[in-house]
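So the sequences go chain by chain: W and E. For reference, each letter of the first sequence is one residue, going -1 to 356 in this note's numbering. For reference, each letter of the second sequence is one residue, going -1 to 356 in this note's numbering.
In short, the hints are calculated from the structure, not lab data. Each statement offered as a hint is correct.
For identical chains, the list gives no copy identity; a pair is met inside one copy or between any two copies.
Straight line, CA to CA, 16 Å or less: simulated EDC-like cross-link-like pairs of lysine to aspartate or glutamate:
| no. | residue 1 | residue 2 |
| --- | --- | --- |
| 1 | Lys327 | Glu6 |
| 2 | Lys193 | Glu228 |
| 3 | Lys308 | Asp204 |
| 4 | Lys92 | Asp82 |
| 5 | Lys184 | Glu228 |
| 6 | Lys305 | Asp169 |
| 7 | Lys184 | Glu197 |
| 8 | Lys184 | Asp210 |
For clarity, every value in this text was computed on a predicted model and none was experimentally measured.
Protein chains: 2
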Amino acid sequence: MVTDFSSEALHALVRGVFEHHGFSEADAALSADVLIEADLRGIDSHGVARLPGYVRLIEKGRINPKPEIRIVRARASVASIDGDGGIGLVVGPKAMEFAIEKALQTGSGSVAVRNSNHFGIAAWHSLLAVSHGCIGMSMTNASPLVATANTAERLLGTNPICVAFPAGEHDPLVFDLATSAAANGKLEIAERLGKPVPEGWILMPDGTYSTDPSALKQGGALLPLGSFPELGLHKGYGLGAMVDLFSAVLGGAAYGPWVPPFVAFLDPIPGAHGQGIGHFFTAWEVEAFRDKSEYEQAIGHWITRMKAAKPLNPEVPIQVHGEPEVLIKQTRLANGIPLQPAVVEGLKALAKQAHLSF
Amino acid sequence: MVTDFSSEALHALVRGVFEHHGFSEADAALSADVLIEADLRGIDSHGVARLPGYVRLIEKGRINPKPEIRIVRARASVASIDGDGGIGLVVGPKAMEFAIEKALQTGSGSVAVRNSNHFGIAAWHSLLAVSHGCIGMSMTNASPLVATANTAERLLGTNPICVAFPAGEHDPLVFDLATSAAANGKLEIAERLGKPVPEGWILMPDGTYSTDPSALKQGGALLPLGSFPELGLHKGYGLGAMVDLFSAVLGGAAYGPWVPPFVAFLDPIPGAHGQGIGHFFTAWEVEAFRDKSEYEQAIGHWITRMKAAKPLNPEVPIQVHGEPEVLIKQTRLANGIPLQPAVVEGLKALAKQAHLSF
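If we strip away everything but chain W, and leave its shape as in the complex, we get (with noise of 0.2 Å):
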């Protein structure tokens, strides 16, 4: 049984939590806008769900909470940023504040982050550049998970990469996506319902696919974005490995088989070649290019007939990228936040240990 919270409760207890654990106040307010947009929009693993997890890495000395976020290298329209081991949801925004920055003064601004740690969903960085008026793109690497090609090794995260466009009347179009054919939080989910998953996301070692939603735990990979060799696997593949380079070749940060893992009970491997987890981002703005005015007709319009298709199966809705998370926040805001009773139960052990009421 699922219970409904406001978003209002769940925000005051993400704050409270994580400045119990010596995060700034302004971090902390922070970290919870970024967490609860996420349970909002109904990508329910990158939510509240995941305090318990943040809350573990602090306590390991993992996420450094009062991280000095730091200016390595600067040109005019790019930068490098050492996020000083802090958290994702912290240093995510301030890289993008600050690509955005460049990208008002000079028409498109790019920050490579080393250093970091999980930055939440990718949507909340990438729209912070469509409130200034910009094109945002957000990506990071993430712990090892997703094979490369003719392996089972585990050498790539599942990468995301999200792009957000402006849309002048319409709600912005938001391209969000793990470069491996399902994320992680799908297995969960599959998993919880006892359901097999699809044949094409899971690659065991032996080489066969597996459709066991906990076959992560008998040593199994995840597949990139095409899942078979016919279908494109090696451009899922080479999307994740894109990203890997940009957010941690670029700017210094663990790539590969190195990425710190996000659960704190496995620790780092030994030996990587660089600090963290890395992010990039990329803010354009739409003005530099084109008469906001023209660019917002052509986008209205693109929307318009991309949503007039005619479909195959009528009772499914034509939507365009980013709609059905508009359509869950609504619903969301008016009604509550489900959560799940083991989600409900972390976040009342989060509040007795920094003594809040929840």
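Starting from the structure of chain W, add chain E where the hints point.
Frame of chain W, contents of chain E only:
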């Protein structure tokens, strides 16, 4: 039976044909550079086999042989360019050169291009950036052949994206992918060999999957990368959509189903809300983010680790992206470029028309 031709002989022919059709010497030579590089890298669908198609578009007045390429808008790190209906083989490199210039000045440069035509292999443009110490990203939209989600309508092109990374003593890493499950060229190869294609490449108007490589002629559409809803088709659709928005909606080219067809026997759809085919280029200077030596050490180590993966099939070498093309190029530089009889016939006809020996 294929016949082998030297790259020099083909280059001279292509140059002569384009000059005969009104190109300047410099533009004809540049166009030949791009086409021959495709053949050398083994991307036969984008090499000299396309020359008759380009010539038919010139003859129909749909490619302007003497374009005045014009900067429409510019800021310190971005620009929009109008290709004046020129061939993408010329407009593309000029636009990327401008992006590189901005990257060397400010750290990054992005250029949106409208009113262009087919730009050949995306890798050519991205590698231009690599030769200046930059990461290069190139994308283009293309005539509508690909379905979106829950529809069999052809609403997007195969919209490729290519990112190339300099890699020090290693060959550059080149990620070059159509955002459909399979590019059109793969259907042509299957058709020539009389072989069925995998389920997941082609969707028919009634929602069934076809394995007939000629099914596009019966109204079929290519499927986005991911192929099936449960394997992430919406991700491939999202990637193709992003390429369309960057390439056309941002800079003012025609988008979605209004992109002008590459084949001269199909007329552009009236009412296009933009001009010609669109591209988008970005160059990021590596040194603006990190010391070159550190970057090169990291990417070299990344490549070494990926290639050291334990292979599932030990008879298939583990390669990184861009490596197969480099090997083909070595072979073809030594032994010549193999051309199918139909391609040779087409070239002979063009040579005769232009009074060239071939």
